[in-house]
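Peer 1: Single-letter residue listing:
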Amino acid sequence: MHRLLLTTLLLAIAAPAHAMHISEGILPLPWALLWFAVAAPFVVLGVKRLNAMAKEDLSFKPLVGLMAAVVFIISCMPIPVPTAGTCSHPCGTGIAAILVGPLVSVVISSVALLIQALVMAHGGLSTLGADIVSMGVVGSFVGYGVFRGLRAAGISLGGAAFAAGVMTDWATYLATSAELASGIRGDAQFLPLFTRIMLAFMPTQLPLGLLEGAMTAGMVTLLARKRPDLLVKMKLLSPSEVSGHA
Amino acid sequence: MLKKKRRLKILLLHAILLPTLLFVYSFFTLAPRPWTGVDEAVVEKIAKEHGREARTPLIDTDRGDLLLFVFLGAGVVGGFIAGYCWRKLNEDKTGEGRDKDV
Numbered sequence: 005m006h007r008l009l010l011t012t013l014l015l016a017i018a019a020p021a022h023a024m025h026i027s028e029g030i031l032p033l034p035w036a037l038l039w040f041a042v043a044a045p046f047v048v049l050g051v052k053r054l055n056a057m058a059k060e061d062l063s064f065k066p067l068v069g070l071m072a073a074v075v076f077i078i079s080c081m082p083i084p085v086p087t088a089g090t091c092s093h094p095c096g097t098g099i100a101a102i103l104v105g106p107l108v109s110v111v112i113s114s115v116a117l118l119i120q121a122l123v124m125a126h127g128g129l130s131t132l133g134a135d136i137v138s139m140g141v142v143g144s145f146v147g148y149g150v151f152r153g154l155r156a157a158g159i160s161l162g163g164a165a166f167a168a169g170v171m172t173d174w175a176t177y178l179a180t181s182a183e184l185a186s187g188i189r190g191d192a193q194f195l196p197l198f199t200r201i202m203l204a205f206m207p208t209q210l211p212l213g214l215l216e217g218a219m220t221a222g223m224v225t226l227l228a229r230k231r232p233d234l235l236v237k238m239k240l241l242s243p244s245e246v247s248g249h250a
Numbered sequence: 018m019l020k021k022k023r024r025l026k027i028l029l030l031h032a033i034l035l036p037t038l039l040f041v042y043s044f045f046t047l048a049p050r051p052w053t054g055v056d057e058a059v060v061e062k063i064a065k066e067h068g069r070e071a072r073t074p075l076i077d078t079d080r081g082d083l084l085l086f087v088f089l090g091a092g093v094v095g096g097f098i099a100g101y102c103w104r105k106l107n108e109d110k111t112g113e114g115r116d117k118d119v
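First to last, the sequence lines map onto chains C and R.
Here the first sequence is numbered in the numbering used here, starting from 5 and rising by one per residue.
Here the second sequence is numbered in the numbering used here, starting from 18 and rising by one per residue.
If you are wondering where the hints come from, they were derived from the structure by calculation, not from laboratory data.
All C-beta atoms, glycine included, are put in the ideal place defined by N, C-alpha and C.
You may find that some hints are simply not true.
[Claimed, not checked] Derived, one-sided and incomplete: chain C residues facing chain R with beta-carbon distance under 10 Å: (1) Ile-30; (2) Leu-31; (3) Val-85; (4) His-93; (5) Ala-121; (6) His-126; (7) Leu-184; (8) Arg-189; (9) Gly-190; (10) Ala-192; (11) Arg-200; (12) Ala-204; (13) Gln-209.
Can you build the whole structure from these sequences, using the hints too?
Peer 2: The structure is reproduced here in structure tokens:
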């Protein structure tokens, strides 16, 4: 009942999609092709990893499907930021990378971005490669790296997930700034333009990054409470930690 | 006692969640000016200054009934995948079915 109410409310928000996804025609063709070339090996490796993990354990596929739905919804959900007067969205790739690994998270974000570009004109088809690199590759690997690094340093599950969520969001927008600056600069210098775009993103993305961190931490701690076996299976928790909690 | 606490928690959650959703809804539908997305406010604005403008999408689903056809196509593809997986799911686990096919 609650899920139905939430879904109805979300669908009732009939507003145009607002996103960091780069729109059609913004990047020159050679740059657009370059980003496709950068994204391609990650997508191929991600599909191989997905197949290998699904062969090992069939229940991995439903989890990937669930994470794909989460990333799709989160990355097209515009959230107003009153301090900036603009709106944008979190990425969701941090939680996906933590739960199913960064390579599979790249595949998930590629599918989500493709559907958004095809059906919602949310990001362009020619700029899909650039969007996959910023949100899928950079977001997933930074989030995963931060989470694993902090866990290895002894930080709690919630703390590490929070930092991973924050860094996923900020890194995605840093990558978008770099892609834009390199693609549109013409004769202008890269660094000043990159800094300008990054600073323009900041008023919206700094608070949204914190929101994404809180969301990621909330999801991971909820899973740790309700389905610790899942986190053990994904090697996020050791069995001794689970028995310690219990 | 525990049930009471749980109920109170659920009530509190609803008291926070529902007004928040209504607040978000009102911002997107009733606000006098739309909240500009960062794609417009940052990406497209700066790109325009450097001579790059956003084009209409390559597949413009706003034209005619294209969106319906996209959904139809997605439904057909999804249906085939679902059917294929269903067949695999119901395949005879012992392999007898496979032997018969051969």
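Peer 1: Hint by hint, say whether it matches the structure.
Peer 2: Evaluation of the provided hints:
1. Ile-30: With a closest approach of 5 Å, the C:Ile-30 hint holds.
2. Leu-31: With a minimum Cβ separation of about 7 Å from chain R (threshold 10 Å), the hint on C:Leu-31 holds.
3. Val-85: Holds, about 8 Å.
4. His-93: Cβ of C:His-93 sits 9 Å from chain R, so the hint holds.
5. Ala-121: Holds. Min distance 7 Å.
6. His-126: Holds - the Cβ of C:His-126 comes within 10 Å of chain R, reaching about 9 Å at its closest.
7. Leu-184: Holds. Min distance 6 Å.
8. Arg-189: Check passed: Cβ of C:Arg-189 comes within 7 Å of chain R, closer than 10 Å.
9. Gly-190: holds (6 Å)
10. Ala-192: Since chain R brings a Cβ to about 7 Å from C:Ala-192, closer than 10 Å, the hint holds.
11. Arg-200: holds (7 Å)
12. Ala-204: The hint holds - C:Ala-204 has a Cβ within 10 Å of chain R, the shortest such distance being about 4 Å.
13. Gln-209: holds (8 Å)
In summary, this structure violates none of the numbered hints.
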